[in-house]
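J.: With chain A fixed as given, assemble chain B onto it according to the hints.
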Amino acid sequence: MQPLIRTKDIWEVELLDALGNETLGQRPAIVIATHSQTDMYMVVPLTSNATATRFPNTYEIPSSSTNHLTVDSVAMIFQMRCLCRLRFLRKIGILEQNHFGRIGVLIKNFLGL
Amino acid sequence: MSSNLDKVIASLRFLELRPDIRTYRWRFLVQKTTHLAQTLGLQTNYPFTIYVAGPYSPLLARDYYAQPDKVNALQTEYELTRRDAVILEKIRACCDLYQDMSLMECASTVVYLMNENPDIRDGDIIARIKHLKPYLGDSTCVIGISKAKELLFKSEYLTEELKKEIDMWEKAKD
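Quick mapping for you: the protein sequence lines, in order, are chains A and B. Residue numbers are given in the working numbering: position 12 of the first sequence equals residue 12, and the series is strictly consecutive. Here the working numbering = 1-based position in the second sequence + 113.
Source of the hints: derived by calculation from the structure; they are not laboratory data. Possibly wrong hints are sitting among the right ones.
Calculated from the model, a selection of chain A residues having no Cβ within reach of chain B, i.e. all distances over 12 Å [unchecked claim]: (1) Lys8; (2) Thr34; (3) Thr51; (4) Ser65; (5) Ile92; (6) Gly93.
If you want the footprint, here are the derived chain A segments under chain B, 3+ residues with CB under 8 Å [unchecked claim]: (7) 41-49; (8) 52-59; (9) 79-86; (10) 97-105.
Note that the Cβ used here is the ideal one computed from N, Cα and C, for glycine as well.
Next comes chain A alone, as it looks inside the complex:
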């Protein structure tokens, strides 16, 4: 049985190039919304590159025993995108509600909602 992918989950996802024939790497991402009918998931990518925090529409997340991030990370809201289940490799942890709420505020602001 496939593991459930839920909002607030942090997953390691696999990113392939446009042709789908070369593994470029695995990166962590926060699940923002799920669409079970199509098995598609909206995610906000995370990076450990601290320079990213200087960009607008980003949010710093300290690593913790709840989110299980190995390093402090930056959520790149401006890079939000939809991914299919095949890209989800393993669940890392769960994002704390206070951080998830703030990311939600930034998403709304970014989209002008």
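T.: Chain B only, in chain A's frame:
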């Protein structure tokens, strides 16, 4: 020779603002606009400190109280440089700050804090803002930080390493 106030008036005119310096709202907006423009490089040379409603310059207040009609009429011969215009366009792009005084108060305070300490962490900024301004909501704090980052952003922040990482996400098609 043009005074610092002339540069402020020229900036307000560029931003198509119509100040009424008799009102608190406009004194607030003139203070914050001047602080933002000065932090981004416009040479008005007013010393700012953090007061009750964010960055504030008593010298700027002295100048506009001395010549309120000149400010209200946007009366100046000073011509902004091309560099000044680039700075002010950046502020114009954040025009929603002019529709929400709380957001302007928060964003200008964050700009002040980030200018003092460029390596300050988001979490530390939120803690400082909540301490200085407990009446500002969490959403205002978070959006204010993002607005400040937008104002202070420099193209060199997009490093090759970061560009590669962003490209990688761009190529993830589904």
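J.: Each hint needs a verdict: does it hold in this structure or not?
T.: Structure-based check of all given hints:
{"no.": "1", "hint": "Lys8", "in the structure": "17 Å, holds"}
{"no.": "2", "hint": "Thr34", "in the structure": "15 Å, holds"}
{"no.": "3", "hint": "Thr51", "in the structure": "6 Å, violated"}
{"no.": "4", "hint": "Ser65", "in the structure": "17 Å, holds"}
{"no.": "5", "hint": "Ile92", "in the structure": "17 Å, holds"}
{"no.": "6", "hint": "Gly93", "in the structure": "18 Å, holds"}
{"no.": "7", "hint": "41-49", "in the structure": "holds (count 3)"}
{"no.": "8", "hint": "52-59", "in the structure": "holds (count 8)"}
{"no.": "9", "hint": "79-86", "in the structure": "holds (count 5)"}
{"no.": "10", "hint": "97-105", "in the structure": "holds (count 3)"}
The structure does not agree with numbered hint 3 stated previously, though it agrees with all others.
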